[in-house]
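Starting from the given sequences, assemble the full structure and let the hints guide the process.
Chains as they are written, first to last, in the numbering used here: chain A, 21 to 131; chain B, -10 to 101.
The set of hints was computed from the structure by calculation and includes no laboratory data.
Just so you know, not all the hints are guaranteed correct.
Which stretches of chain B does chain A cover? Using the computed rule of at least three CB atoms under 8 Å from a CB of chain A, they are [said to hold, decoys possible]:
1. 19 to 32
2. 36 to 48
3. 90 to 97
Looking from chain A toward chain B, a few residues come up when the C-beta cut is under 10 Å (computed) [stated by the list, open to error]:
4. Trp60
5. Ile64
6. Phe121
7. Gly124
From the three backbone atoms N, C-alpha and C, an ideal C-beta is built for every residue, glycine too.
Below, each chain spelled out in residue letters.
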Amino acid sequence: GIQVEQSPPDLILQEGANSTLRCNFSDSVNNLQWFHQNPWGQLINLFYIPSGTKQNGRLSATTVATERYSLLYISSSQTTDSGVYFCAVPYSGAGSYQLTFGKGTKLSVIP
Amino acid sequence: KAGVTQTPRYLIKTRGQQVTLSCSPISGHRSVSWYQQTPGQGLQFLFEYFSETQRNKGNFPGRFSGRQFSNSRSEMNVSTLELGDSALYLCASSPDSFYGYTFGSGTRLTVV
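This is the structure in structure tokens:
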């Protein structure tokens, strides 16, 4: 199956700082999602980004499918940005797709 | 529109018991997938249902099963619970599995 690696595993930021999270994948993909898992466990969809760049407020994401990586940018971080960020790619199995997740980046934003 | 709804939110069961978790997808979504999240193994795919048929299954023992109803609501069942089944169980819905997924808030199962 496909391998997904995220870096860094942990990140501590001062409120207001910027950060870049990276996701590498081992095979070509036709889709990629970034999620934020809040302290209550819910996975919040941030971006559905098979290629190119998308922006949503202080967050933006870029996927370079030909080089098998995606980046998530967080600008002017806030304490509410704390949590675990996952990237996931679909893996085709038995006629449908299942998401393969990276191990996540745990972000802590301190005031 | 309403999101993905999972019930119950928390559950405590005893070893050997069985448990049923429920998931109501976003209206119009026909694909429902289940994932298990543990600190050691991370997020792992359990199975996917589409139009009441299981299309895909992850590498879990037969104690884990599921089904989908005609209204796309899905249930998963775990029989003969083991301590290692303690986890957060997440349900995700999609118009079809090729497209993006939306996740519910999860059911946190504790087996004692």
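For this session: Quick one: which hint numbers does this structure break? Sort them smallest to largest.
Result: none
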